[in-house]
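Sequence lines, in order, name chains A and B.
Counting with our numbering, you get residues 522 to 967 for the letters of the first sequence.
Counting with our numbering, you get residues 522 to 967 for the letters of the second sequence.
Among the clues, some could well be false.
[Unchecked claim] 20 angstroms max Cα-Cα, derived PhoX-like pairs, lysine-lysine: (1) B:Lys-961 <-> A:Lys-961; (2) A:Lys-678 <-> A:Lys-845; (3) A:Lys-845 <-> B:Lys-685; (4) A:Lys-845 <-> B:Lys-828; (5) B:Lys-685 <-> B:Lys-659; (6) B:Lys-588 <-> B:Lys-613; (7) A:Lys-588 <-> A:Lys-659; (8) B:Lys-543 <-> B:Lys-613; (9) B:Lys-659 <-> A:Lys-828; (10) B:Lys-750 <-> B:Lys-613; (11) A:Lys-613 <-> A:Lys-582; (12) A:Lys-572 <-> A:Lys-588.
[Stated by the list, open to error] Computed footprint of chain B on chain A, listed as stretches where at least three residues anywhere in the stretch have a Cβ under 8 angstroms from a Cβ of chain B: (13) 579 to 588; (14) 744 to 754; (15) 864 to 873; (16) 901 to 909.
Because the hints were derived from the structure by calculation, they are not lab data.
Think of the CB as a built atom: it goes at the ideal place given N, C-alpha and C, for glycine as much as any other residue.
Protein chains: 2
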Amino acid sequence: MTGYRGEVQRILRAASVKVGDKIKAVSRGRTYVGVLMPRTELGDPDHLVLKLDNGYNIGVKVGRSTKVALLESRELPKLAVPKPAVVPDASKPRVTIVGTGGTIASRVDYRTGAVYPAFTAEDIYNAVPEIAEIANVKVVQACNVFSEHMIPELWAKVARIVAKEINDGATGVVVAHGTDTMGYTAAALSFMLQGLFRPVVLVGSQRSSDRPSSDAALNLISAVAVAAKSDIAEVTVVMHGSTEDDHCLIHRGTKVRKCHTSRRDAFQSINDIPLGMVREGQIVMFRDDYRRAGSAGRVRVQDRLEKRVALVKTTPGLPASVIKGIIASGDRGIVLEGTGLGHVPQTLFEGIELAQRRKIPVVMTSQCLWGRVDMNVYSTGRELLQLGVIPAEDMLPEVAWVKLMWVLGRTRDLERVARLMRQNLAGEITPRTRPDAFLKPLFTPG
Amino acid sequence: MTGYRGEVQRILRAASVKVGDKIKAVSRGRTYVGVLMPRTELGDPDHLVLKLDNGYNIGVKVGRSTKVALLESRELPKLAVPKPAVVPDASKPRVTIVGTGGTIASRVDYRTGAVYPAFTAEDIYNAVPEIAEIANVKVVQACNVFSEHMIPELWAKVARIVAKEINDGATGVVVAHGTDTMGYTAAALSFMLQGLFRPVVLVGSQRSSDRPSSDAALNLISAVAVAAKSDIAEVTVVMHGSTEDDHCLIHRGTKVRKCHTSRRDAFQSINDIPLGMVREGQIVMFRDDYRRAGSAGRVRVQDRLEKRVALVKTTPGLPASVIKGIIASGDRGIVLEGTGLGHVPQTLFEGIELAQRRKIPVVMTSQCLWGRVDMNVYSTGRELLQLGVIPAEDMLPEVAWVKLMWVLGRTRDLERVARLMRQNLAGEITPRTRPDAFLKPLFTPG
């Protein structure tokens with residue numbers, strides 16, 4: 522009865538259901554039918570988790586009046602056809618998959634439609650047999666949280682595991698991660714992993730792996746391919762490049778953003794083109810300005826962060842009291858997501874002046890997301906520069922936020938902070954924007 | 522000496538320069554060369570404003586040591602060729618252009634390269650003669666601010682002017698607006714103008730009108746065409762549809778966003794396709810689900826807003842103290858820009874519970890921007906629903922913020938707020954997302 526305790530466990534036992542069974546639960550007048558899933562670490566202990574037929578997991582609040590009934594007893598999926606045991610092949614690259622939680626870090630079974638967070642190398646080979654052709658896989662579980670609950674402490678934990686694996690001889694590392702905050706973690710790892718000489722690839726899935734339209738298998742195969750075979754010594758994100766199940770894009774970890782709540786091609790490079798793609802198992806690079814992998818080196822982890830940094834999206838008429846409140850709360854840095862070329866309402870200036878007096882760095886990004894901040898163009902921008910605001914070039918607001926946390930973990934000296942923020946440390950600033958580093962609507966007038 | 526006072530006026534007078542002259546200013550060791558511009562209402566009184574040769578305006582701080590020299594005395598541009606006076610043609614539609622400030626509300630002169638914020642119907646005809654072919658133009662100046670300094674009070678002022686013009690018989694109204702916060706104003710007008718029966722079109726320019734690459738003329742011509750000739754009784758934004766100077770897109774005012782800091786095709790419809798386009802003076806509609814114009818009616822203005830509404834973009838590990846601080850500051854509503862399908866970190870839940878106890882509505886949008894919030898999919902979303910969080914469907918975060926201000930101006934009843942937020946009032950919620958309502962990168966792998 523993986524993970525369930527107390528009243529919930531009692532009710533499940535009374536109904537003779539176990540994890541993996543198809544059950545019916547009636548709670549507060551509503552009926553739910555699905556496969557009973559193991560409880561996750563951070564889940565509410567008063568809930569049971571069901572995987573519905575549409576592939577989604579839901580939590581059902583359990584009370585004294587909750588009724589549970591077994592519909593179909595199911596065993597943990599076994600291999601349908603006996604397979605030769607996967608014997609490590611010394612000639613193959615060694616790839617470590619670091620699990621953090623989320624859909625892709627599940628045991629995928631194509632036949633039964635069930636998903637289990639159990640997570641071993643054998644599970645991976647069984648679920649996606651193509652992986653065994655590419656690499657010898659080792660699995661390390663860093664944590665098990667939905668990515669919306671990732672916290673900076675866990676970024677650091679993942680960074681230390683990644684560094685250890687690479688320093689111990691891994692050809693590359695794949696980090697399986699929920700998609701919600703994958704961009705934040707990718708940026709954090711990009712800054713934390715110093716002297717990187719092997720590929721580090723974040724991967725996730727937008728549709729859980731038991732749905733017909735799941736992107737999990739192709740994403741995982743492509744990520745392992747990049748970790749095993751590419752010469753990219755950077756932190757990248759590998760996800761579907763289209764809604765066809767035909768290729769994945771390799772995005773730089775500091776230039777990527779989840780741009781859709783549900784589409785498989787949600788991840789897009791912003792203000793830059795992707796580094797390359799994986800199609801039919803082959804890696805195709807689009808450019809050559811990336812850090813090259815080497816056969817030897819030593820990764821160091823700089824994981825010290827100043828967590829007290831605020832990200833503020835500005836709105837018309839936003840009062841200075843917002844900035845003053847942030848300063849009063851003890852925050853040590855502020856990233857503004859301003860408008861256009863890097864502007865904020867005049868109503869905010871007084872708060873920025875206070876930050877300046879308190880030696881709290883204020884960094885400017887744009888809520889346009891695409892394009893570059895340029896504060897020399899209009900008087901508002903020039904006035905903000907005179908107030909000491911640091912322009913973040915073409916950095917994504919959330920990447921600037923992660924970077925400022927990391928920079929403030931190294932120095933509190935305002936001039937050094939400004940210099941580091943304006944310096945391209947991990948590909949987060951594109952020196953020259955390509956004219957095709959923008960979007961166009963899928964819709965074209967007929 | 523339009524707008525300059527005190528020390529600045531004294532220095533300019535001493536150098537015998539006037540607005541429109543090309544001058545050199547030496548301030549704090551730096552030399553600036555450009556055309557002296559009139560001072561804007563909200564500018565710092567200690568600055569003079571120069572238009573540089575590259576078309577950008579800069580502010581130069583003036584002190585006792587500032588040196589100013591006249592390079593070239595220039596008169597306000599006159600028409601090079603005598604034109605027949607524009608005689609109002611009773612058969613032509615009547616379009617009112619409401620000026621709010623920003624680049625497009627300037628007097629554009631193709632020959633001299635000078636730009637003046639002087640703003641009369643004659644100026645418009647002189648600058649963009651095509652306009653006179655389309656409509657009889659009347660000009661009303663609502664305010665003169667850069668759009669980053671627009672405040673909700675000015676939205677209301679613009680709404681009242683627009684309503685009056687339509688009720689007085691205008692065929693349509695064009696609102697000339699800076700681009701930074703045009704989306705916010707378009708959303709506000711969409712909610713405020715009730716019973717709209719004529720077109721209301723917001724227009725701006727990304728490049729100031731004296732630059733060769735300016736989008737001002739085509740945008741203005743297209744906006745006047747939509748106001749004069751279309752049957753769209755909605756608030757729309759009309760801006761360049763590509764970097765070619767060949768067509769403008771007509772975006773619904775509640776579904777549009779500035780997606781680039783500098784490109785002419787910065788404005789994009791999000792989660793929906795544009796309503797149509799203007800090409801070679803012709804209006805081409807892409808769809809028929811829009812509110813149709815009528816010949817008679819009465820526009821009412823509902824301009825009451827609750828200004829104390831916060832927009833919070835969530836970040837990993839964001840502490841509940843942020844929400845508590847917002848509540849303590851007296852805010853009456855909160856819009857969250859969460860992750861993925863509508864999630865926030867568990868660390869925030871306690872703050873949301875407090876908001877719920879204080880009867881402060883909390884609305885969920887997604888920082889993905891594209892796609893729909895769906896909080897029934899994962900346990901995090903379901904828990905937030907149980908805490909009373911109101912899902913904002915596929916609304917843009919900033920549109921949900923404007924809408925919540927407007928809804929709270931009508932009612933404080935939490936259930937009514939939730940119902941209104943989930944109801945499509947002005948096209949802000951797309952009931953069914955088209956599969957092509959997404960973006961693709963301009964870059965395509967070769």
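- Enumerate the violated hints, using their earlier numbering and listing them in ascending order. 2, 3, 6, 7, 8, 9, 11 and 14
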